[in-house]
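Asker: Spelled out, the chains give:
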Amino acid sequence: MQTSRVCQIRLGYPDMMELVAPAGNLPSLKAAVDNGATAVYFGFRDATNARHFAGLNFSPAKMAQGIEYAHRRGVKVFLALNTYPQPEGWERWQSAVDRAAELNVDAMITADIGMLDYAARRHPDLNLHLSVQGSATNYEALRFYQEHFGIRRAVVPRVLSLSQVEHLVEHSPVEVEVFGFGSLCVMVEGRCILSSYATGQSPNTFGACSPASHVEWRETSAGLETRLGGVLIERYGKDENAGYPTLCKGRFQVGDHTFHAIEEPTSLNTLELLPQLKQAGVVAIKIEGRQRSPVYVAQVIKVWRAALDACERDPENYSPDEAWMSELGKVSEGTQTTLGAYSRPWQ
Amino acid sequence: MKLSVGPVLYYWPKDRLLEFYDVLMDSPVDIVYIGETICSKRTLMRTEDWLELGERLTAAGKEVVMSTLVLLEAESEMKRLRRLCADERFLVEANDLGAVQLLKGRPFVAGHSVNIYNSGTLRVLSEQGMKRWVFPLELSSQTLEDMQRTRPDGVETELFVYGRMPLAYSARCFTARAHNLPKDDCQYRCIDYPDGLTLSTQDDNRFLAINGIQTQSARTINLLGELDRIQALGVDILRISPQSNRMDQVIGVFNRCLEGSLDLEEGSGRLASLMPVGPCDGYWHGSAGMDYVA
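Just so you know, the protein sequences line up as chains A and B, in that order.
The numbering of the first sequence is numbering that gives the first Met the number 0, which starts it at 0 and goes up by one.
The numbering of the second sequence is numbering that gives the first Met the number 0, which starts it at 0 and goes up by one.
Honestly, I wouldn't trust all of these hints.
Distance ranges between label pairs, derived from CB positions [claimed, not checked]:
1. B/Val292 x A/Ala100: 48 to 54 Å
2. B/Glu126 x A/Tyr243: 24 to 30 Å
3. A/Ala100 x B/Glu62: 24 to 30 Å
4. B/Ser243 x A/Gln64: 56 to 62 Å
So, partial list: chain B residues that the calculated Cβ filter (under 10 Å) puts toward chain A [to be verified]:
5. Ala73
6. Thr120
7. Leu138
8. Ser140
9. Met164
10. His178
11. Thr197
12. Asn204
13. Arg228
14. Glu264
15. Ser272
16. Leu273
17. Val276
18. Gly288
19. Tyr291
Everything labelled a hint here was simulated from the structure, so no lab data went into it.
For glycine and all other residues, C-beta sits at the position ideal for the given N, C-alpha and C.
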């Protein structure tokens with residue numbers, strides 16, 4: 000552990016962990032910048048990124064404004080181009096990479112090997128981050144991406160335990176960024192096609208999981224039902240709050256039991272692990288939620304800024320403030336949070 | 000076109016597994032993928048056992064490919080992977096880029112979880128020594144056609160044509176979760192479900208199958224009816240994914256259709272009666288994977 004920290008300082012990495020905030024639109028970007036993000040990430044208004052939702056993302060003009068707003072305040076900007084193009088879409092994705100290189104962004108976040116190869120050869124000055132959609136969970140995979148495309152950083156899937164993160168960082172040739180808060184993907188990102196199994200569209204191909212265009216809400220005698228691609232995901236009783244039918248978060252029957260067989264509607268929250276993540280040498284904490292409102296971004300980033308500052312000041316005596324936890328709980332999916340793969344039952 | 004049998008994705012008792020391979024030795028299958036690809040805790044077959052099985056299958060005239068873990072997290076898993084990648088007796092199927100990295104300079108097969116979605120990726124990996132790739136499950140025949148057009152020389156294309164489809168992987172074990180057990184005390188419950196544990200919606204639609212950390216389709220993909228188009232697209236190998244019952248019959252149907260001694264429609268009908276739940280083929284036709292178009 001000590002070695003990796005010394006190594007980072009020697010290489011000139013900032014010693015303070017970055018707070019990487021979601022920006023689904025310009026107001027969210029401003030909210031993130033104004034509340035203490037060190038970097039923001041966003042995408043074009045099309046299927047080239049993994050939050051391809053109606054009304055979300057940036058037109059070229061808004062993108063230029065956003066970049067200027069962030070850079071003036073010393074905040075970095077990362078552009079997500081993290082879906083997997085097929086031959087039919089290759090030229091559109093390729094031109095998105097070219098556009099990204101012309102913009103003054105600090106990094107492009109990408110998953111597909113063909114795209115990384117194109118970007119590295121055509122735009123050698125473009126700083127590349129491996130997207131979480133690249134499914135890299137071990138340092139040999141990170142070495143592959145570093146050796147072939149010169150990636151500088153990797154965002155790792157939400158399936159690693161703390162000791163696995165420590166081990167990964169120790170042997171990684173690149174910086175490691177982890178998810179800190181937001182909707183929890185329980186599957187290895189980039190290798191989950193549950194969404195396209197039910198709808199024909201997945202994060203890899205279309206940039207969206209459980210797309211809204213395939214969602215139905217039906218009031219029935221058995222209660223309110225939510226369906227995805229016609230498949231019953233959830234049935235709500237009278238006193239239950241209905242949530243969005245993300246495929247893996249419904250109640251299903253296995254044997255004689257009906258329960259959240261894959262995952263509950265819940266958000267990841269690693270606030271209590273900050274000192275350990277810092278000690279492990281993680282360089283950045285990513286907040287999920289480009290599809291959420293500017294108010295959400297402001298609230299969440301504010302809490303995380305305060306927590307990161309407290310952790311930097313005195314990591315040994317750090318513990319998450321109750322007010323922070325309750326603030327985050329309120330904006331969480333199903334108003335509950337989990338440590339996900341960092342928690343014991345997963346190991 | 001050749002026929003292959005993919006790795007057994009489930010945890011079967013050792014004697015049952017070896018029996019399965021004994022039967023395969025006399026079957027009209029050309030290529031056999033072996034090895035544990037889902038969970039490193041499944042150790043009834045140790046690395047030595049897989050290697051020994053590989054020798055026996057080779058002696059029976061089969062081309063043997065060692066398949067590897069899809070989700071690599073722990074150093075113990077990397078160690079086992081290194082050993083398989085260093086053993087030059089067998090071709091290795093990489094199911095993660097970590098394996099691709101370790102196989103540097105050696106020919107290898109890229110499994111469907113490697114995500115080869117376009118010609119650029121196909122080219123980069125072929126430059127690294129990839130001699131065969133498995134077409135990603137969620138892509139359509141149109142995409143396959145586009146990719147076959149620019150496929151580098153010397154690279155074979157393999158298509159997953161039969162079996163419950165792998166749809167997702169997690170660090171969480173869903174079989175243990177269904178039994179209310181933590182993963183570190185899973186009691187190897189997955190051994191009780193030789194074709195996975197079926198997960199149904201609340202209105203009794205058999206939707207998915209749980210196989211440890213893997214989630215599969217409850218329905219079985221069957222592209223037998225598409226054989227002519229598959230052949231026209233220049234696919235080299237058809238992969239059949241193992242199920243616990245009547246695999247000899249499944250292989251037999253494919254083989255007879257390939258030989259031309261069985262009509263495709265009749266063959267598909269026979270296969271439908273051999274599946275745990277029923278057929279699907281939506282991905283191939285560019286729609287939802289669970290759909291059955293043919």
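Asker: Quick one: which hint numbers does this structure break? Sort them smallest to largest.
Answerer: 1, 2, 3, 8, 13, 14, 15, 16, 17, 19
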